[in-house]
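Start from the sequences, fold in the hints, and give me the full structure.
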Amino acid sequence: MEDKPQGLLISPIKDGTVIDHIRAGAALTVLRMLGITGQTEEELSIATNVTSMTCGQEGKKDIVKVSNRELSKEEVDRIALISPKATINIIRDYIVAEKKGVETPKLLYGIIKCTNSGCISNANEPIKSAFEVTEAGLHCLYCDTVITTDIESHII
Amino acid sequence: MKHIISIKDFGKEEIDSLLARAGAIDAAPQNQKTLDGKQVALLFFEPSTRTRMSFASAVARLGGTTITVDSVEGSSISKGETLADTVRVVSSYVDAIVLRHPKEGAARLASEFASVPVINAGDGAGQHPSQTLLDLYTIRQSMPLKNIHIGLLGDLRYGRTTHSLAYALSNYNVTIHTIAPPTLELPESLVDELHRRGCTVQEHADITDIIPNLDVIYTTRIQRERFPDAASYYNVAESYRITPEILDERKEGMIVLHPLPRAGEIDPRVDELPCARYFEQARNGVPVRMAMLEEVI
Ligand SMILES: [Zn+2]
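The listed protein sequences correspond, in order, to chains A and B. Read left to right, the first sequence gives residues 1 to 156 (the UniProt record's numbering). Read left to right, the second sequence gives residues 1 to 297 (the UniProt record's numbering).
It should be emphasised that the hints constitute simulated quantities derived from the structure, not laboratory data. Ideal Cβ placement from N, Cα and C applies to all residues, glycine included. Check each hint, because a few of them may be wrong.
As the list claims (entries may be wrong) - Only pairs whose alpha carbons sit at most 25 Å apart, straight line, appear in this in silico DSS-like list of lysine-lysine:
no., chain 1, residue 1, chain 2, residue 2
1, B, K251, B, K38
2, A, K113, B, K8
3, A, K106, A, K73
4, A, K106, A, K128
5, B, K2, A, K106
6, A, K99, A, K113
7, B, K38, B, K2
8, A, K106, B, K8
9, B, K251, B, K146
10, A, K106, A, K85
11, A, K128, B, K38
12, B, K146, A, K128
13, A, K73, A, K128
14, A, K60, A, K100
15, A, K128, A, K99
Claimed, not checked - Far from chain B by the CB rule (all over 12 Å, computed), these chain A residues:
no., residue
16, S11
17, A26
18, T40
19, M53
20, K73
21, I120
22, S121
23, A123
24, H139
Written as structure tokens, this is what we have:
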């Protein structure tokens, strides 16, 4: 196991996905956005408020490790909404096989709850909420409401 | 398959061609039987007799027939059926659906489940594209749709007709003058969007300040529910009322529009003036809706 990385707070994983540089305190929201709960089967490690050095500056970050599952880029991209600096590392046999940043997706389905109580997406209909990510904010494709602030609290 | 859900789905060319088509229909209303043998469902989950009658008249003039659901009472809706299911079922009976619904975004949802074209006849405080098109059509009858100075008067916050009209007019390099009571101003997000689309938006405290510059006054109802008490409502309503005296200062050729029904926003004496175009505007609903039906069916 020569390649096994050293000095980490939580142990390295053999195969899976490591989401690093999550905004401090946002790890649990990240899991929720990925649909990972205590009821799902992934083996999880979570570290929150870890001291990290980025560009020579000391700060705090969260880390999430999901064993035995390679999260797709689409799955992870949702995280950009709350943590645009997060990075995704796909691990195969203890090695970082792929490393990428997150990108804000253009469309979000079933992730954000519309703030307009009169919106049809909040009625009991067989649809997922649908938002377009625009410069002005998140634009509901059903009722045209634009969510500009506190996006985190509207995540389903 | 084409749906008409929001005026925002229309580009300038599309609007122009629909208005031109409505004009052609208007000029020869008896010759159009393009919906011969077609049936249209008027699904009205919220009462709006005028809009429903206007669509019914448009279908009939094109030679088609309508079936109407205008009561939630006793229908499967009151038993908890989703709009998605209703629309799927009704689609199998007809060639198009005209939908009015209290929830915003209902028409977009309907278009996702319908197997026939859907025309939005108003969803909640959301979109009502046929109203906007007939407003544009009425302006266009009096003046070319460009470089207009339009005054929007009344409740500009909750009044959806002014929102979509302002948006649609932003295709035509217009200047929008807003005259609204405090707290009922045009939403900031819409003003930003209008600016981005190259529109000038100017706020005014008083209609008399700006009236000599206006080509169009579009006035809307101020609802009593928006005010804490009757007295403050009457004070506000009074200062946003269009009277012949206010109109004395108007530019030649200026027109007054109102989506109707009105409740005191326009003095009845204005009805006699040549600038009063609101009844004409209501009448224009029929040719415009005929053009919309032809467009989708
Ligand atoms: Zn919405």
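Kindly indicate which numbered hints from before are broken by the structure, ordering the numbers from low to high. 1, 6, 11, 12, 15, 21, 22, 23, 24
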